[in-house]
Amino acid sequence: MLLCSGAVFADDLFLDNQPLPQVLTATRLKQSAAAVPGSMTVIDSELIKASGARDIAELLRLVPGMMVGYTSGNQAAVNYHGTNASDARRMQVLIDGRSVYRAGLATVDWSDIPVAMEDIERIEVFRGPNTVSYGANALMAVVNILTRSPADSHGSRVKVVRGERGINDFYASQGVGWETGDLRLSMSGQQDDGFDSNAVGADRRDGRRLNRFSLAVSQTLNTQQSIDWQLNAKEGTNQRPYTYTPVFAGITEGGNNSDVTAKDYAGSLRWNFDFNPEHSLYIQGSAQQWDRRQIWKACDAKVSFSPELTRLWQLNPNYAERLARHMDTYSQGVAPPGSADEQALGNQVLDQWRNGASQSVCGDIDQSTRESRYDLEIQDTLSLSDSLRLVSGMNYRYDRADSDTYFNGTLDDTTWRLFGQLEWRASEHWLLQGGAMYEDTHLSGNSLTPRVAVNYLINPRHGLRAVYSEAIRSPDMFENNVNWSYRVTNLDSPAYGQNSGQYFVVTRGPGNLDKELMKSRELGYNGFFADIGLNMDVKLFYDEITDMISSPLRNNQYIASNANSSRFTGAESQFDWRMSNADRLRLTYAYVDASTSNPLDKAQTARNSGSAGWLREWGQGWSSALFYYGDDALNRYRFERVDLRVAKRMALGNANVELAGMLQQRLDNQPTTWADNNYDHRQVLYFSAELEF
Amino acid sequence: MGAQSRMTLLSLPRRWQRGLLLLCLLLSVPAWSADILLTAAEDGAGVQAFVQALTQQRPDDRVTFTPLANLPVPSRLPANTRLILLDLPSLDWRLQDAQGPSTLVLRISRLQAHQRMGQGVPGKISLLWSDPPLERQLRLIATILPQARRIGVLYGADSEFLLRELRQYAAPMGLEIVPQRWDDINDSRPLQHLFRNSDVLLGLDDPQLYNPKTAKNLLLSSYARQLPLVGPNAGFVKAGSLASTYSDQTDWLAVLDRLLDHPPAGWPRAVYPERFKVVGNPQVARSLGIEQVDEANVAARLAEGEQRP
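Those protein sequence lines, which keep their order, are chains G and L. Quick note on numbering: the UniProt record's numbering labels position 166 of the first sequence as 166, and the sequence is numbered without any gaps. Quick note on numbering: the UniProt record's numbering labels position 226 of the second sequence as 226, and the sequence is numbered without any gaps.
By construction, these hints were calculated from the structure, which means they are not laboratory data. Watch out, some of these pointers could steer you wrong.
Reference listing, derived: stretches of chain G covered by chain L, where coverage requires no fewer than 3 residues with Cβ under 8 Å from a Cβ of chain L [said to hold, decoys possible]:
(1) 19-28
(2) 139-152
(3) 168-179
(4) 456-463
(5) 528-535
Heads up, the beta-carbon is just placed ideally off N, CA and C, and yes, glycines get one too.
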């Protein structure tokens, strides 16, 4: 109190009067763990390192309730609590405040995110909806990846990882500081073979190779202003198995892969302005681009490009498919029964079939996409009094997707968002936090979502909380506006007089999909027992999603609707116990009960899942980390794995060297998430060497 | 506010005591009074306020302030003058002359003295340390963060000499000092290393390490690791340090009052003020999930502990 009154402070000869900036201001300080208006899991740098994980998705196994699966070796599918979509469709994923959720296809390509594990300082996972703070699509959870600040990344680091399964990674970074700023430049690469074999024992084509570049700069302009900017780029190849199966019988030719060349670019600039210790503002602008180049060879009967068959598909896809699948049978006679128009077209197609359209033809299918996003956000933090804080702001986003296959050209969307949240510390014990977000999306209309949380702090380290929040997810461009058809080019022999042709199957999104609505209720406790160093969090939840868009995203007869719903109830807990300066024990467990109108929506929910970890410093530079991860059934397959990492640190002159060995041992004999994801051996071994100077 | 009301309560009986004492002196021996000469190179509002306060505190002494520029060499001042120096230039002036009146030096830190005089303090000079005493700061940590064991301490070439003493105080309290040298303030690696191995940071009052330039990065990066900083001084608490002990003008007036009551021959060579306060940053404490620092209560507990040897 004394120091707060400036007059006393200024006149006193004995109080240090050097003009120190007020650094940890009311606007910069965050809520203590017990006062957070929701459930939060923080994966800190110590855990990141000890886990030995090579991917962000693997780290998320440390988060209670997080369902980590794989579509293929280079396609992680991470969901909080579940729902069947194979991607993080209902989770917001941010890197330093920039959403990496793909603009058009609304997925998160975990393996393609242009950030190296070594550059991550910590990952904060907000478990539960929070559109007020993170925007729509923060429907089930928010994964906030925070990179190490350039000011904390001085010096040089070089690291290599080599191991079984083709593991071959590198990382190199250089950080420097000067009078008014800091910079970090890093380059990294990653390579592995993915899974070994598919369901029938053949080689699984899902390896990857990628390189990344990242530059982060922080610059202080004056005592009130600073800017942070980043440039990130990533290029690489993700192998994809060849999955094209000809529609028409008797076609034997085909390609051998449908690999993707993925390039991701991102740039962001943030301007921070501190008006005074009670008021600050930032403006952040970012631009991102996702390039996915995917061309493969497809072979099918020439009739695939028949204009009559295309019209028949538009008239009645079921009829067209029945005819196409049994061309040989029907070509002996006449078209299957149907309406007069259908039969007339069907007979024309059968004539074509009999007159040479049954011949095989091969060409290139181009499923490439290019998506861009421009985002501008202003956020204002105002500390109205010692016990009242207001965070408000607005956001503009422009999304654009360019794909001949998916959108027959280009599609774009704009989103405006207004948000505000008030934190009121009513007393030493009671904390009330509430807010709302209004969003208007060009393609899917507007919405308002509220959120309110009450925390009761037994003391500063122990808090009880009750949270009610609503959240929405706008249907993405793909679900709502897909215009899906394949144009096949470079045909090896002309079909219908052309060297290219439009494949007869065309799928269109409904265009009038409504937003999904999430209503979430949560009771929780967070406590830190300082005497023994134990931090714990327990949560009970009851989440409902209505108007849910759950249809699988496939191109034959894609009919998306808001007809589905699901409900997730259960409990989660996490314990983080620093038993001594040398030992840390961490446990998580989640029990999730899913009840869904579409049975597929609970396939990705494990009823029981969790992790256990023991980190120990043995002295003389030796350290070890032992982790167990398990879930009882993700897509019907059990997953249990034990990871052991043993490391030795050594000083080498002014440099530090760390050598580490990592062993992952699967305890079950099951495929990973899907029948096609199998390893030949249940264990994998890899080593890393890191030099810091 | 609390501090002022406390001061009134304490000073009221003292004024009565002093009145009685004065009466006794007037009756028994011829009234004696001292010439107290204050000096400083710079004469600002703070200096004037202090001189005025001291004049009121010592009504029987002749308290005068003369800017350093107007003073002759120390040896030409009357020998019975009691000289009080308020800044470092005046100390430099005083040190140039081995002769001269008995001198109390205020507003000097251990580090500044060490830079000027090494370990030796010339005769007739008493140094009144301005930096919070290390033992008191350690005891503050033990009081407000009883679970903290590893005390991270950044030091530089100038402050290295304090480490030995710091360890001596820490050992009986069951605390471990984790020292980390920090020579280049544009290189944050030593900070990262220290933060990984500490439960709390104790700031040494070393302006090479703790200054307006380093404050931001130091406080932000320690906060990012949820690591509280204690010290190095009261000013840093406002910037974002968790707490510190400090002595303000009221405390120093009390300390001076006691010293000036004694003949200069009895003045110590160097002394930390026995009167002090505690300041905490409630917002930082709240954010770190730490109980609010009850400033008056903690100060009283620390003072009580110091009186019990």
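So, going through the hints one by one against the coordinates:
1. Coverage of the stretch 19-28 of chain G by chain L holds [criterion: at least 3 residues with CB-CB distance below 8 Å; count 9].
2. Beta-carbon proximity to chain L at under 8 Å applies to 3 residues in the stretch 139-152 of chain G; the threshold of 3 is reached and the given coverage holds.
3. By the rule of at least three residues with a Cβ nearer than 8 Å to a Cβ of chain L, the coverage given for the stretch 168-179 of chain G holds, with 3 such residues.
4. Here the stretch 456-463 of chain G counts 3 residues with a CB under 8 Å from a CB of chain L, which clears the bar of 3, and the coverage holds.
5. Here's how the stretch 528-535 of chain G fares: 4 of its residues keep a CB closer than 8 Å to some CB of chain L, so the rule of at least three is met and the hint holds.
Consistency with the previously given hints is maintained throughout, with no hint failing.
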